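Mind docking chain B on chain A? Use the hints.
As they're listed, the protein sequences go chains A and B. First residue of the first sequence? That's 13 in the numbering used here, and the numbers climb one at a time after it. First residue of the second sequence? That's 7 in the numbering used here, and the numbers climb one at a time after it.
Please keep in mind that the hints were generated in silico from the structure rather than gathered at the bench. Heads up, none of these hints are tricks.
Interface residues of chain A toward chain B, partial, derived using beta-carbon atoms under 8 angstroms:
| id | residue |
| --- | --- |
| 1 | P62 |
| 2 | Y63 |
| 3 | I65 |
| 4 | E71 |
| 5 | P73 |
| 6 | M85 |
| 7 | V87 |
| 8 | I88 |
| 9 | E89 |
| 10 | S128 |
| 11 | M129 |
| 12 | D151 |
| 13 | M170 |
| 14 | L175 |
Treat the numbers as computed from the prediction; the structure is a model and nothing was measured. A virtual CB, placed ideally from N, CA and C, is assigned to each residue, including glycine.
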Amino acid sequence: MFCRSFFGSQLSSISNLLGRQTALSSTTGVAMSAQRQLLHSSSAHLNQAPYIIPQPQYEQPMIKPEEKRPNVMKVIEREALARADVDGRSKLFIRRAAPKARLCAGDVVFVETQNSMSDPAATTSFTGVCIAIYRRGIDTSFILRNVVQKIGVEMRFMAYSPLVKRIEILQKGEGFRRAKLFYLRENPGKTFQLKALKKMAQSAATAKKH
Amino acid sequence: MFSRSLIATRPVGAVGRAAHNLTQQSQFSTSMAALRAKLPHEKVRYMPEVSELKLGTYKPESQRTGVIARKKGMTGMWNEWGVRVPVTVLQLEKVQVVSILKTSCPDFARLQIGCGTRKEKNISKPMMGHYKAHGVDPKAKLFEFPITPDAALPVGTEITAAHFVPGQLVDVTATSLGKGFQGVMKRWGFAGGPASHGTSLAHRTPGSTGNINPGRVYPGKKMPGRMGGKNVTVMRLPVMKVDTALNCIWVKGSVPGHDEQFIKVRDSTKLIKHRLFPEGAAVPFPTYIPGQSAAQPREVIAKVGGQDPLIPASD
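Okay, chain A solo, but in the shape it has when bound (with noise of 0.2 angstroms):
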């Protein structure tokens, strides 16, 4: 994931140390989803291969009937999309979806992140209000920006990276006209003054996974 402190790289170590501090490592060792485990597949007996195999594998690649000479390139991002995809998340980037079900610019999202793949327990969680969505396939990521201890801060997630957990939509934004939100940069306005939000984080960042 990257950090991007908005006032400049003073703030890098300052917005670790936040994120460090608004971190609600669950305590209850949340367990990965089993679609989730079988993407990594870090179990003992494949550790010896000098290989790993992709889960779920895909015998036949993914062409379409109509397709005659098919784009190898548009092949392989389908199947990587539908790799990456285990807990429907590509679902919030669909572009032609409803407002209410996709993810939008002005939105308050819940992201929790793994800090590694070797201790997937181990967890960091951010909320912001989403500022700015780059769908281009695999690397599809967004903006969350945030005021933590008076200090604006913003993290760009990759949407299908293995280390990005989950991502939540705690409140649809109203009002917002536009699609990147760097205005709220210097106009902030009442948009980061939700202190409902915060115990809505909480909430999210405690709550089981189904």
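Relative to chain A, chain B alone:
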């Protein structure tokens, strides 16, 4: 007959007869034979004898053949540590051994590899005769790769993506993107001149081109000119993934040239501090043979190994 061992057998042909004649006692024939043996048109040629395609054992001294692939584009993938790596997708299109070439050195053979297809009407008659003589469909691109004789393949063998081992290092050669006529700052990385403080018309110029002695400009002096469009080899790119159904390999990083370009891929050669193949990997030698080599899954991803980079190292 020619031998495929590393040790050269006796050469045959005109020079062989000359060498035989040397043993005969004849003052004229001896000197003429000796003279004939040294004539440049009677060079010795060696060729590995490969009749059938069968698996061999890979030795560190062996050099397998390379392939010609097509650059299809770039994408990204996350490795086992959750770190994103940019990858270039190289697709093998009907890569076949077109011919085996004779060499003047017995320790190395040369294979001519062809990639892609071309319509018969677009091939010249001499080239069409060349393909017909070897029983191969017309190819879009030909290239030669030096190999050790134990890695020789019979003509017509198809080389697939399974030839490569995920995690191995490859050297990738292609023509770089042409940049046109470029100035000295872009072409050679010169610093140029100051942007302000009174500099007159000299912000991107090369500056001085020499000294008062010898009073001339050396040939090869770095100056503006055409940049790019040259053969570039990028070395030691790890193969991140092998996909046998789409017949493509994913190499980490970028590769010179544009999309749809022919790229020559071979096992890495400069390996003083690196391992060519990962430990414990089964190397398909001389290539992956579908009937004989072990079946492998469609998609195989390289294991990076090492320490988890996202955990700070304990001091």
